[in-house]
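Q: Listed below are the residues making up each chain.
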Amino acid sequence: MTGLVAIGSFAAGMLGALTGLGGGMIIVPMLTLVFGVDIRYAIGASLISVIATSSGAAAAYVREGYTNIRIGMFLEVATTLGALGGAYIAGLISTSAIAVIFSLVLAYSAYRSFQPREEHSIDGPPDKWATRLRMDGTYPTAEGMQPYTVHAVPTGFSLMFLAGILSGLLGIGSGAVKVLAMDQAMRLPFKVSTTTSNFMIGVTAAASAGVYLHRGYIDPVLAFPVMLGVLAGALTGARVLAGAKVRALRTIFTVVIVFLAVEMAYKGLRGGI
Amino acid sequence: MSEPLWRTGRWSDEHVELFVGNLLRWGVIIAAAVTVVGGALFLSLHGGRIADYHVFHGQPDALKSVSNVVANALRFQPEAVIQLGLLLLIATPIARVALSLLAFVKQHDRTYIVVTAIVLGLLLYSLTGAGA
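Those protein sequences? They're chains F and Y, same order as listed. So that you can map any letter, position 146 of the first sequence is 146 in my numbering, and since no number is skipped, the others follow by simple counting. So that you can map any letter, position 87 of the second sequence is 87 in my numbering, and since no number is skipped, the others follow by simple counting.
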């Protein structure tokens, strides 16, 4: 079983990287639907893989100088609080309810990943919170350092709290909600929001991983092939993404993801999970 | 690896970020290596044990707290060695936050010292099981 889980996790990590959904969104349905793993073990293993992917990618991102550590740290207050809350909720509600919520978030994330990301204009007056918290920054572009301003900090903060709850409840990185908060609400440049979101994903997952560890949800024998598989898959996926035409691939993957979401909702409602 | 920050005494954002990049890379590599050792140890003893994950029964206490995991890993108990690798992985983003706190302290940035201390406090609260 360990070998099969490792191969499946490699595929999940690659799929997560290629679709931009993240490994957690694929690994939890794979473990529960294909391998029949209890969703609590699946979420524990997924959280570990989310941290591995985030730290692995961040090591590369950090050198490029896009990550805004002040924005990230400020929003971390919301995501870590949310993650602890989500991990507690996970212990209170039924596994069927978790499966249904998971399928809804999966469907929403797949939908979001197909929406074109529009770069917002970066002019206009900044939010008063952004000024007080000195969040405005610069990032390197082809034409040199480009300044940007930050908007709608309270909205972004609230969305991040939601992202944290979902992360702690479902064992995912909640990349879709984080990007929504930073792209749409706070209107950060893509490169800044993508890398800052990645930084936050690892910290958020670490916040709920502690709670899951103490609850006995993290099984080492299941988590180790998942973690190594997803990490290798994500790194491979990032390489493929750099060179390939991904439009057609993404269409095929979206069909797979919609199928997973429907199957998970169906089994959840029938009480099969 | 670049010059350690405490030796150069330069705590600009760029220097900190460069150091953080190395910290994350080595954190993931070391965590993965420990996990691989534990996994190999486990497989050599148990082979392809057909594990039952259909029914949830939780982990034994030996694998549920930081101190127990470390103690059992030092006795080369395979599951505990894997769990130690996973704990090291959980520790990498926490170390990154701790390093950011140190950088904000050096920069005398009061607002962000408070913000970062809150985040670090929440992470340690979760990891030590104070709320479990």
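One should not assume that every hint holds.
Claimed, not checked - Only some residues are given here: those of chain F computed to face chain Y with a beta carbon under 8 Å:
| hint | residue |
| --- | --- |
| 1 | Thr2 |
| 2 | Asp38 |
| 3 | Ile48 |
| 4 | Leu84 |
| 5 | Gly85 |
| 6 | Ala209 |
| 7 | Gly210 |
| 8 | Val221 |
| 9 | Leu235 |
| 10 | Ala265 |
| 11 | Tyr266 |
| 12 | Leu269 |
Simulated from the structure, these hints should not be mistaken for laboratory data. Since we're looking at a predicted model, the values are computed, not measured. For glycine and all other residues, C-beta sits at the position ideal for the given N, C-alpha and C.
Q: Please name the hints from earlier in the document that this structure breaks, with their numbers sorted from lowest to highest.
A: Result: hints 5, 9, 10, 11 and 12 break, sorted rising.
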